[in-house]
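Student: From first to last, the protein sequence lines stand for chains G and W.
Just so we're aligned, residue 559 is where the first sequence starts under this note's numbering, counting upward by one.
Just so we're aligned, residue 559 is where the second sequence starts under this note's numbering, counting upward by one.
Just so you know, the hints here were simulated from the structure itself, not pulled from any lab data.
Hints may be right or wrong, so weigh each one.
If several chains are the same, the list does not tell them apart, and a pair holds so long as it fits within one copy or across any two.
Quick list of in silico lysine-lysine cross-link-like pairs, DSBU-like style, CA-CA up to 35 Å [claimed, not checked]:
1. K588 x K613
2. K565 x K608
3. K565 x K588
4. K613 x K654
Protein chains: 2
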Amino acid sequence: MIPTHAKQVFQGIIFSVWQWEQQMFDGTTKTFEKLKRPDTVNVLPVVGDKLLILKLKQPHHQAVLALPGGRCEEGEDFLATAQRELLEETGYEAEKYALWRSFQPEEKIEWTIHTYIGHNATQAQSMAADNGERIEPLLLTFEEFLLLTDDPNFRHPDIAHVLLRARFDKSKRDELHTLIFGRK
Amino acid sequence: MIPTHAKQVFQGIIFSVWQWEQQMFDGTTKTFEKLKRPDTVNVLPVVGDKLLILKLKQPHHQAVLALPGGRCEEGEDFLATAQRELLEETGYEAEKYALWRSFQPEEKIEWTIHTYIGHNATQAQSMAADNGERIEPLLLTFEEFLLLTDDPNFRHPDIAHVLLRARFDKSKRDELHTLIFGRK
């Protein structure tokens, strides 16, 4: 997305800013600007016949509903991020991680969100919240999970779109149920 | 979203970067980082019983399907942006602009996308594309517009979500049809 001849003009804590000259259709050139940020990884943990999501509260922010997850660290692969974030945020470990979706939310940001399904998740240690936010785990049925599409505080628009389709289209719903829980 | 005591640490062409110290629940402080970019405004022009959308092609990018629209200029109000961008990109003018949706796509970016419905749009001048991209206008029926939810090149995820709901829920579809075309 960002061409190899682009120059980095700023490095922040999360974001870096890149600029480059690009030739247009009429032969003129124009300076373009895009950002990079570390990829993020989310996990949908399957706990028996329930799905684990989190209610997150940061200071001065409204509570949001989100999957466990976070940013990839330097040199860390996506699966390792999935395992680390799930354990850190919930104390759970999954038996098997299957990549479900990879989604690039913004045209102007080089950033992919990877979402795994964490099959057969069980609690390995107690929850140790980091200092930054209060985390409350919620165990939802499949039907309750689908209804997150109606909740404005649900943080994952690409997943909300998949859930909405599943709510209204039985074949998509059955497909998603099998993907998450396996064949009956 | 970005607190008033935040410091600007970078100003780019589109994006600016802001940082600030924040006290956490456990009393420690942490440096936070967010971005600002100018708000953007889109217009859904209603041309008789059709809807006007654009096929946009920039050098080195795949063509995308998008509503006419663009960034607010310094000091420009949203309605003025809607009128200017519609005229610049399509040559059309609408008789009445009604704000349809305001959407904040990213938690870490202070940025709102405002979408207007441009009622009774007519061609006032010929299309004068800017040098940066090739623009092809498409006139869609309401049914074709709803099917944009299946097109991965459709650029507006928040609107795709509304369209998907309308496809599967007749009362939402009737509501949207009335909002766009008025009462039968």
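Student: Would you mind marking each hint as holding or not holding in the structure?
Tutor: To see whether the hints hold, each was checked on the structure:
1. K588 x K613: Classified as between: cross-chain Cα gap 21 Å, same-chain 44 Å, threshold 35 Å.
2. K565 x K608: neither (47 Å within a copy, 44 Å between copies)
3. K565 x K588: Both: 14 Å inside a copy, 29 Å across copies.
4. K613 x K654: within (24 Å within a copy, 42 Å between copies)
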